[in-house]
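Please arrange chain Z on chain P, whose structure you already have, making use of the hints.
Number of protein chains: 2
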Amino acid sequence: MTNFESIDAHIEENLESNLDELSRLCAIPSIAAQNIGLEECAKVVADMLAARGFKTQILPTSGAPVVYAERAGKGDKTLLIYNHYDVQPPEPLDLWDSPPFEATRRNGKIFARGISDDKGHFVGRLLALDALLAQEDELPCTIKFVLEGGEEIGSPDMPEFVKNHVDLLAADACIWEFGGVNHEDVPQQIMGMRGICYVELSVERLTMDVHSGLGGSVFPNAAWRLVWALASLKGPDERIRIPGHYDNVVDPSQRDRELASALPYEGDDYKERYGVDEFLGGVSGNPDFYLQEAMQPTCTICGLDSGYQGPGTKTVQPAKALAKVDFRLVPNQTPEEVLENLRVHLDAEGFGDVQIKYLGGEAPGRTDPDDPFVDLVVKAAEEVYGMKQTKVPMSGGSGPNHAFLHYLDLPIATCGMGYPGNQVHAPNENIRIDLYVKAAKHMARIIRDFAAA
Amino acid sequence: MTNFESIDAHIEENLESNLDELSRLCAIPSIAAQNIGLEECAKVVADMLAARGFKTQILPTSGAPVVYAERAGKGDKTLLIYNHYDVQPPEPLDLWDSPPFEATRRNGKIFARGISDDKGHFVGRLLALDALLAQEDELPCTIKFVLEGGEEIGSPDMPEFVKNHVDLLAADACIWEFGGVNHEDVPQQIMGMRGICYVELSVERLTMDVHSGLGGSVFPNAAWRLVWALASLKGPDERIRIPGHYDNVVDPSQRDRELASALPYEGDDYKERYGVDEFLGGVSGNPDFYLQEAMQPTCTICGLDSGYQGPGTKTVQPAKALAKVDFRLVPNQTPEEVLENLRVHLDAEGFGDVQIKYLGGEAPGRTDPDDPFVDLVVKAAEEVYGMKQTKVPMSGGSGPNHAFLHYLDLPIATCGMGYPGNQVHAPNENIRIDLYVKAAKHMARIIRDFAAA
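These protein sequence lines are chains P and Z, in that order. At the far end of the first sequence sits residue 453, using the working numbering, and the numbering has no gaps. At the far end of the second sequence sits residue 453, using the working numbering, and the numbering has no gaps.
Extracted from the complex, chain P is given alone in its bound form (with noise of 0.2 Å):
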């Protein structure tokens, strides 16, 4: 049995030097949406790697290489671990406190683009790593990992990647990119993501403007006739009028409302940071609140675009309108029939004329909330943080993993070192460096204890 006094300790007596390697990976601007920097960040990762005494490949997809690599251990057990090497872009640059891609430590915390998603956690896992290999000098378990390059730009070419790799990748749970505490620092376990399928929608009816007076009543309105597309999708009820929208949705399960109803309430937070009244039907309070946000399928305007935007008027009628619309899809629900739907309504309610542009999607993957991997990641985390993780049946967000689930037909859960005030994807990214010292005793443990399962 693994001694976790001395584990502990060398991870508390190599944090510094960790940190240093964390501050190197975070000084390499690898960023997905202006494809820089990935080449050489794929390339030091997998150095880091190979130090650990790691079998690594960089493998090319169309886009980002992922960087693979594998060390074996004593049992016959194989853990995956997910993360990625790429980062949101830093704009804006004026709302920095410190600059981007030098790491800065400030009130202990470090702050950095990408250091909590998502270089953190894969430096963190290294740490624990480091930690097991200087009690033992082999694993006890075997390790993969999986790194990609493209997860901020949605992930392209990870389902294609992962169907081609299945026996490589297999393994028999998966620890996932992130993890961490919720607003009151209770940890939490996410045993799923919500799937995406994102959209361009576009009318242009003339090849210029016209003159309001002129064109008022006799031209098609390019703004108008994407008006009234989007008010077909969705009224303000809520309620997606595509018709088989909902044939796949498969609702959330008693054992979901329970979980749901252990849930924290977050309600009041958003409210005060966001400037909200009341939310949408009113809902508040667990189980509703949670189920609500993070359960059901949305259909989200993320941005509309279309003639004259500045000051005071001018008399135009626009050539062209555009929107960007983000469906965030639950289980079964996937993008192609999202997308395939989309048309067939447009169709039928006269907007042969809306123009879809496909920008990207993901499928929605979940673990089952009592996978017994699950219940052995909880509770590996109470020693560390004086508590079992909560429970949370899915993000409200998205990613890769559902290829994963599906082609690799394993468990996936969550260890990482997030916090509600860490910043990602926005100015002033951070890890709080205790969060990060537990996710990485957690990490340990979770090895230990899956190898023993």
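These are calculated hints, taken from the structure and not from any lab test. Just to be clear, a hint being listed does not mean it is correct.
If we take Cβ atoms under 7 Å as the criterion, some of the chain P residues that face chain Z in the derived model are [claimed, not checked]:
{"id": "1", "residue": "Tyr198"}
{"id": "2", "residue": "Leu206"}
{"id": "3", "residue": "Val218"}
{"id": "4", "residue": "Gly275"}
{"id": "5", "residue": "Leu280"}
{"id": "6", "residue": "Glu293"}
{"id": "7", "residue": "Ile301"}
{"id": "8", "residue": "Gly303"}
{"id": "9", "residue": "Gln309"}
{"id": "10", "residue": "Pro311"}
{"id": "11", "residue": "Leu408"}
Positions of the beta carbon are idealized from the N, C-alpha and C atoms, including for glycine.
Relative to the frame of chain P, chain Z by itself:
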């Protein structure tokens, strides 16, 4: 009786020196939207009139000053001439083939910002007056000029100005700022203008944007709220749904339909110019096309602005959304009633969160198509153009004519040098010199016939 051979000869002989005056006026960038050069231009305009023996006044308003000028004539008749000395902004500058404030001659045309709208019309009137004054020391009737400096921003001060200067402006008839020929070079008499009510509708429901994975189903979405509010204003049937909106509408008369039937059909020309396959409701041919184009109320979305509008995806729920909406009005609608009905409607439909900002408006105004003054102006064209003017009941555009009609109780007719290629409000604004000369000759005849009537 005036000798028109010598008047026409005088117009032709003095054309070049008159065009030099026009060039000097065009060199002053009197841009109302940017509040540039207005006082300077008003002074030059007043000086040009004083040089013709007019008593001039520069009268303040809350915006640009109004130039008023008067010269008594022989008879007891008074003709009021309305023009404006402000111009549209010249942007985008890179699309001009010559500098916008340097009048430049090419191929029988002169190019400059404001040369057609409306400085050429003003200076062309002077060419006519100079010719009349070369014949006799006295004008055949009293002439009053009123030139404003805010027409291009919706004449915000004119209704109040006219109301407060009823005695000063009192006249028997009025010549409006524009006029001209259609795409077949047939001269047109335009006997009215639609009104306008221009509003900005905005929704702001959050203090900042929210990640769409989080906010999609619990936070109010400003873009959705705006889309639904807009869709409540008008549907694809083009009928405006605001209760009371049509209550005061006077439908086109039998006489309007007769006049509309006689108008050349411009639809084929529009289709080619704007790349349109079919007009709204499949309308084709006159009178239907014209009546739909220019004589019915409209509700036009001129612009939409919300959230993310860049390339690719951003998964964000926008905190704010904004639409620019332009209502064109027909007699006897008013901007005030539209505003009031709009607020009541939005509130009744549950859109109390949609803010209305009034950006300006003008009431519609018409002169009786069979008014003797109109017939006089139409007939006076015959000698110059080789044909009478075609009577167009209304322009689809808007202007401050309502205040003149309402407070001064006089008929308004048009006389001008406009033509479909004059690019007013656009780069390369221009006049055709042949039409400039014709408009001056027409103006001289109008003054003669009006004084004699």
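*Sort out which numbered hints this structure fails and list those numbers smallest first.*
10 and 11
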